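All chains, full assembly: derive it from the sequences and hints.
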Amino acid sequence: MTVPLHHPDDQLLIGYASGQERAGKSLLVATHLAYCPDCRRRVASYEALCGNWFEELPCAGDDGLDGLLDRMDGLLTAARTPPEPAPIELPPIEPVAAGRTCGRMVPEPLRSWLPDAIDTPTDDGSWREISKGVWLSGWERTLSGTTIRLLRMASGAPVPTHRHTADELLLVLRGAFRDEYGTYGLGDVAHYGDGTDHYAFGASEEDCICLFLLDGDLIFLDKDGNPL
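Quick note, the sequence shown lines up with residues 1 to 228 if you use full-length UniProt numbering.
Hint data in this document are derived by calculation from the structure and do not stem from the laboratory. You may find that some hints are simply not true.
[As the list claims (entries may be wrong)] The following label-pair restraints were derived from C-beta to C-beta distances:
| id | residue 1 | residue 2 | range |
| --- | --- | --- | --- |
| 1 | Gln20 | Glu180 | 26 to 34 Å |
| 2 | Trp139 | Leu5 | 26 to 34 Å |
| 3 | Gly145 | Glu205 | 17 to 25 Å |
| 4 | Glu94 | Glu180 | 15 to 23 Å |
| 5 | Asp179 | Glu206 | 13 to 21 Å |
| 6 | Lys132 | Asp10 | 33 to 41 Å |
| 7 | Glu205 | Thr142 | 29 to 37 Å |
| 8 | Gly19 | Pro160 | 22 to 30 Å |
| 9 | Glu108 | Asp38 | 14 to 22 Å |
| 10 | Gln20 | Glu205 | 35 to 43 Å |
| 11 | Gly193 | Asp38 | 17 to 25 Å |
| 12 | Arg41 | Ser131 | 37 to 45 Å |
Everything numeric in this text was worked out from a predicted model, so none of it was measured. Ideal Cβ positions, reconstructed from N, Cα and C, are used throughout, including at glycine.
Structure representation (structure tokens):
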């Protein structure tokens, strides 16, 4: 197994490390950490920075996480030598060992959230086809306003072009998919913001399965980019 090439952005990692990120996105970040030793090290460093500096930060006020990140950035710039990474203290994470290509598909912490049928996907009614070769899981959770499901794409099957009205995140759990920005494989994270027009299609011989997080509605588009 190769390490992921596409990672959560620094805002998500710092939000996770500080405990400020919403629960649904924290679940996705923690699952990505199971695949990504680099992000585990970065989160450990951010945890150390947060622990050392929160008391030094001015009051967060009403500007939320963005304001917090701006103030942390000022302290980071002023720091000459970054601290040694602190021991990783995260929710239960099951790091995926290099070379592991078989066994249960989903690592912890996500695995304990899912019904057993999801780990070996079948067509037993646990998936609902939304377009040719594209399915959504019957399993669904909502955490802090974020809808969490699984998205499954057959090889070459396109997800219809759509526009986001809020954040969408995908974490690849099996196979690969491709979009306008590149190819995403095991453990990779794709992040699409409000107003983004987007398509994707399965890009591996086996079905691609992703953890799928959505904060708002999707607007599906015709071939000319007009809402359907």
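Open item on the list: Flag every earlier hint the structure violates by its number, smallest first.
Closed with: Those not satisfied are hints 3, 4 and 8.
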